[in-house]
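Single-letter residue listing:
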Amino acid sequence: MGAMNEFKVLDPNGHTRTTWHPGSSEEVESARRIYNDLVRRGFRAFRMDERAGEGVPGGAFDPKEKETLLVPPIRAG
Amino acid sequence: MLRYVRRSVGRALAVRRRVETGLFEDPRAHERSLRLLVQCLTPGQRAEFERLDAFTVRGRSGRRYRITYGSIANIEVLGPPGTGGRRLCAGPTGVPVPAVMLAQKLMLETQESEFLRIAAQGSGTTWTGAR
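Just so you know, the protein sequences line up as chains A and B, in that order. Read left to right, the first sequence gives residues 1 to 77 (my numbering). Read left to right, the second sequence gives residues 1 to 131 (my numbering).
Hint data in this document are derived by calculation from the structure and do not stem from the laboratory. Don't take every hint at face value.
To be verified - Ranges of calculated distance between the beta carbons of each label pair, as one might list FRET restraints:
1) B/G79 x A/E26: 46 to 54 Å
2) B/R63 x A/V56: 13 to 21 Å
3) B/T126 x A/R32: 22 to 30 Å
4) B/R28 x A/D37: 23 to 31 Å
5) B/R63 x A/R33: 55 to 63 Å
6) B/A47 x A/E26: 41 to 49 Å
7) A/K64 x B/R51: 33 to 41 Å
8) B/R35 x A/V39: 19 to 27 Å
9) B/A47 x A/I34: 33 to 41 Å
10) B/R117 x A/K64: 26 to 34 Å
11) A/S25 x B/G122: 39 to 47 Å
12) B/R51 x A/R33: 41 to 49 Å
13) B/P80 x A/R40: 40 to 48 Å
14) B/S123 x A/M4: 39 to 47 Å
All C-beta atoms, glycine included, are put in the ideal place defined by N, C-alpha and C.
Put together the whole structure using the sequences plus the hints.
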């Protein structure tokens with residue numbers, strides 16, 4: 001089935017992972033729905049290169065992306 | 001490494017005390033978010049965080065910021081000597097402190113002007129350059 005891709009959502013639990021096999025259309029669609037819902041609610045996506053410690057702002061859900069972080073809306077304090 | 005473990009344990013105990021008094025989140029959530037933060041730092045930032053509980057990021061403008069352990073006005077705008085006390089206060093709410101710091105790092109490194117625009121709306125931001 002191959003490796004799983006994932007996105008992590010920063011939340012009160014630290015973070016929550018959503019994983020999918022890129023070859024499974026059912027899993028991809030389920031992950032896409034969750035991702036799109038979060039983006040609609042103001043979450044920001046960052047494609048992560050953890051080895052380099054760098055993130056790149058992400059756009060639409062990409063099922064081939066290995067690792068994405070979703071950050072809740074930023075508010076002024 | 002030993003110092004880092006000691007600091008982590010100290011932080012976890014402090015979090016546990018706050019949980020016991022109903023003031024803070026689950027220590028497991030805190031530990032999970034701390035691990036993720038450390039994974040997402042550059043090697044230089046990781047070394048700095050182990051030593052100082054803080055790390056430096058650079059925005060697209062070239063300006064540098066120090067993110068210290070915390071979630072309220074915890075970002076110092078770095079500049080020449082004598083320009084201290086310039087702070088930014090913005091981040092996600094309802095997440096453990098390390099998750100706040102990770103969000104601040106990602107925003108400042110990649111969407112600096114947007115982060116400054118948001119921070120300027122809050123009373124915790126003391127840097128007029130952000131307004």
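Tested hints:
no.: 1; hint: B/G79 x A/E26: 46 to 54 Å; in the structure: 53 Å, holds
no.: 2; hint: B/R63 x A/V56: 13 to 21 Å; in the structure: 19 Å, holds
no.: 3; hint: B/T126 x A/R32: 22 to 30 Å; in the structure: 42 Å, violated
no.: 4; hint: B/R28 x A/D37: 23 to 31 Å; in the structure: 26 Å, holds
no.: 5; hint: B/R63 x A/R33: 55 to 63 Å; in the structure: 38 Å, violated
no.: 6; hint: B/A47 x A/E26: 41 to 49 Å; in the structure: 43 Å, holds
no.: 7; hint: A/K64 x B/R51: 33 to 41 Å; in the structure: 38 Å, holds
no.: 8; hint: B/R35 x A/V39: 19 to 27 Å; in the structure: 25 Å, holds
no.: 9; hint: B/A47 x A/I34: 33 to 41 Å; in the structure: 35 Å, holds
no.: 10; hint: B/R117 x A/K64: 26 to 34 Å; in the structure: 32 Å, holds
no.: 11; hint: A/S25 x B/G122: 39 to 47 Å; in the structure: 44 Å, holds
no.: 12; hint: B/R51 x A/R33: 41 to 49 Å; in the structure: 43 Å, holds
no.: 13; hint: B/P80 x A/R40: 40 to 48 Å; in the structure: 43 Å, holds
no.: 14; hint: B/S123 x A/M4: 39 to 47 Å; in the structure: 44 Å, holds
Hint compliance for this structure: hints 3 and 5 are broken, all remaining hints hold.
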